[in-house]
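**Student:** Residue numbers (our numbering), protein chains in the order written: chain A, 217 to 523; chain B, 146 to 358; chain C, -10 to 661.
Keep in mind that the hints were calculated from the coordinates and are not lab data.
Source: prediction; values computed, not measured.
Glycine included, C-beta positions come from ideal geometry on N, C-alpha and C.
Heads up, none of these hints are tricks.
In silico negatives: residues of chain C with every beta carbon more than 10 Å from chain B:
(1) LEU4
(2) ALA531
(3) ALA532
Short derived list, chain C residues pointing at chain B, Cβ under 10 Å:
(4) GLN626
(5) GLN627
(6) GLY628
(7) LEU629
(8) GLN631
(9) VAL634
(10) ILE637
(11) LEU638
(12) VAL641
(13) LEU645
(14) LEU648
(15) VAL649
(16) ILE654
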Amino acid sequence: MNGAVMIDTAIHLLLLLLFPPLLLGVINKTKAFFAGRTGAPLLQPYHDIVKLFRKDVVLSSSTTWIFRAGPVISLATMLLAGLLVPLGRFEAPISFAGDFILFAYLFALGRFFTTTAALDTGSAFEGMGASREVTFSFLSEPAFFFALLVLAKEAGSLDLNAMLHGPEGGVRASSLAPMVLVALGLFIVLLAETCRIPVDDPNTHLELTMVHEAMALDHSGPLFGTILYSSAVKLFILGSVLLHVVAPFGTGRPLIDWPLFCAELAALAAAIGVLESVMARLRMRRVPYLLTGALLCCGAGFTLLVR
Amino acid sequence: MTDLLNAILVVVMILNLFALGTSRINSVIRLAAAQGALLAVVPLILHDRLPVPAVLAAGAAVGLKGIAIPAIMMRSLRSAQIKREVQPLVGFLPSIILGAAATAVALLLSTRMSLDISQAGTLIVPTSIATVLVGFIILTTRFKALSQAIGYLILENGIFVFGMLLVEAIPLVVEMGVLLDLFVGVFVICIITNHINEAFSSMDTRELASLKE
Amino acid sequence: MISSFVLVGASAAALSGVPGLFLPRTSPLGQRIATLLMEVAALLGTIGAASVLAGSGGFAVELPWPAASGATLGIDALGAFFLVPIFLMGGLGSIYGLGYWPQGRNPRSARRLQLFWGLLTAGMALLVVARQAFSFLLGWETMALSAFFLITTEDDREECRTAGWIYLIATHIGTLLLFGFFALWRRTTGSFALQPVAAGTLGSGAMSLLFFLALVAFGLKAGIMPLHFWLPGAHANAPSHVSAMLSGVMLKMGIYGLLRFLSLVPDSPASWGGLILALGAVSGLFGVVFAIAQHDVKRLLAYHSVENIGIILMGLGLALLGRARGQSSLLVLGLAGALLHVWNHGLFKPLLFFGAGSVLRRTGTRQLDRLGGLAKLMPWTAALFLAGAVAICGLPPLNGFVSELLVYLGAARPLVDAASGAPAAVLAVPVLAMIGALAVACFVKVYGAVFLGSARSLLPPGRPGEQGESPASMIGPMLALAALCAFIGVAPSAIVPALEAAIASWSPAGAATSPGLLGLAPLREVGLASAALVALVAIIVAATRRLGRSGARVGTWDCGYARPTSRMQYTASSFGQPIAGMFAWVLRPRLHRPRVEGVFPGAATLESHVDDATLDRVIVPVSNLIARRFGWFRRFQQGLVQSYVLYILIAVIALLCTLVPFGDIWAAVFAR
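Sequences are here, hints too, so could you generate the full structure?
**Tutor:** Below, the structure written as structure tokens:
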């Protein structure tokens, strides 16, 4: 391993660990701007997470060790998944053929434990949130895989690194339509996985309308902080994946590319903020249609490509 | 040799008709036993050499068909306390006529059947067909369970006669298998007879129809 | 030779239940002897099979059986691969039975159960080592009939009897088709021996017919949709360790039969692969959809077996496609995925059934909507069931992920390797993803409903000393299975030699030209990643241990509910309702609405259940129709023994008349 690779890996790790809460801050700032408010400072999520980690934990008497395992395992899976994703024009620290399957299933593992932890409390609302979460995932998983298949076919390789960096000579003109469809589908999947409008409202306080928020109702203190942090990391990771499809630019000079990547990611977060401000959340019964639409988008992209 | 064989087979056919005609179950048992024992000894007469397996088989057959099975049936008869058959479906005299007709048909048709046999001059085929048919007649027309068991025995005798046709000496394993089959069958029938008797206070198998769903 | 230990093991298993027959009904000695013999058998059998997988040659034995023109027994790597789960489950299930079905508590049925357990294991072992039609059929029938007697152990329950009859009908249809299959085999290849035939010996018509017969016969046993109709009832009503054996091992005998047949015809067309791939996708998807709609734990697990058989078939279909096109990498990946999933399913499904058995034993009910909160009462069972649930969803770091990864890689192969052809096979990837997501949904539902939250109905008090956790004899096998799941998940490269040996024995030509499993699939890396995941979790737990001194334990806050009750929890049915609603077009649930009348209505109930599509919507109505149409036939059944004998007599006379040349007699009589 030469020095450049080591530095890149170190920066990758640093970004993975420290950058995500900033994205949440950007989204909140954008929404505040649209609402005509000043809004919380950009670095507020960092303060929130640190504050939460300093608090005590209050556990429900009906919970078991699984309640504490849920946030821990979702964090661990997100961190490991983050090591599989290449950021910008740089290589991912861990990469092997077929790792995209591991990537997708790490998300599923995290979901399994967060939903189980939600059911551990024995309450109606957490059960409701968990039920909706798994229902949405059954539609978003195949969409995600279709998108990955399109990328794999384009790049001619099965490892995430090569897939996301795309074929050597850039995207062919004939694959423009499939890539656009894939980008659209991936964006909807990102919104679904990170629980943003129009799939889920992160600011809602009505239990009947929550999905992700409902699952975290009874977590407190460090556990809640972990949940907040790992959802930020999830946004970071999925955003990086989307960026590869939407903005595959790079200058080849690490000094410019790293800041460029951070700026692109912040722009994506701002775009999500804009979307959240101009749209309302869909009716719960319409969300499966939206996700089926994403599935069909990616499927159509795949069909167009393989034809 | 052939004449002796034919004579024995004629005796067998006559025993059939006697079995059809009598209503005393005791005598029918003895008739069937005699028929079985007689047939068991026939292979010994037929062959020039006396291989040990054949002697063993014959001895077992005589012991089983002539002594053991009748003993079991007599014991069952005594515990059920019946002596006579009730009026069968086809009366006793008509039964004999039917049996004689069956024997005649067997005798007539056996020469026309396209069987590739080495013992063409003997009466083996007609005897076996006649005995089988008589066994069936008894099975079908008699109502008491023990009589049906005897019909089964006579049926087996008929099949045994046919078996003499096919092989010089029936393999020991097959012979033992057949005897075992027979023994178990009769054993089970006798046990069932007692149960029927206990359940319905009679050995009339028509009572069993009430068990139909 | 060591591999002949397999025969000794099989004989020991067959005889394991016999000593118990001679001992008094209530003495536990019979069960202990049976378990001991089964353990010895399991040990010997596993050693023998492992030695073949490790490369030492297998034996070949000729048994004298004149009526069947000789019976050959022989073991090769493919057979040895299937022997391992057979003996493993035979041994572990026997230990589980010590605690679950002790002889002292079940005097009527325990001896019978042990006898047929041993016979089932021995029958399966015999069928795997059979090299000739009759020994295969002997093993097959022994297995099928022993399974029937095991399923109907609790024959005082009506639903148990019904399930047993349906199973018997299904398995005998399969056996009949197998008879036809072997007859046709003999006709076209000239002998009953199961040896590979050279390419081109079988005409395409004969091959198609053989394939159809094999697919239906083995499919009935394996539980491929729509031939799975006997599975849910049989697996739900059998005692739990029997269900574990049936689900984990007996279904695989159908897969083994199909594999063996396919290995004998190396020139199979690619359409077979496509058909099996499609059938696998359908079974997988609809199996898990039906599972989500179930209220009964064991029925749900049975439908999941259908789903996993679907995944195995998908791998098998890919392997066939690869073989037909000469693509050895596709062949190796698909077959490795299918075979590894055979082992994996044989590990985590019995683990889950053992857990369900523990729950059933403690609570007396299988209904999900009446359970809850058992994790506090039975912590070990809960933890081990969780391991099984994670494994069956195919999540890293456990073994389910590895086999699904292999199938994924095989299906995605045409994307990167243009020569592979069959681009439609790539559609298997999203289907597998959907199956995986639905499986996660289903098992979160099951785990949450059974072990988490609080109890939805009153628990029975339980016997003294059995208020909580199950006895060690029940936990031990679960622990062993979970450990094996973890082992395969973290160190999959350890079993690569066994997989490659089995693949080589299935298709020597394909295995010779492939770059080896480790070259095709990143098993080492996946193992390392799984280990890394576990390590990461451990680090985070250790680092945050001193964080957050636990405050008080309070009731669930749930955004301010003052007095939550256990009846307010989300039930399992509610959890699965969105997905069940989306699939209502195939599930067709029946809803029995309450009748609510008047201003002060009385008590009412609402009930919904999902019938099995094939059984209750197709087979039962058709058979009722046939029964009605043939009602007039009943007059022939009067219950009189004499009339039955008369029917036989008429049949005999009719047969004799075929020998009589009536034409000649007529001519002779009228010539005069």
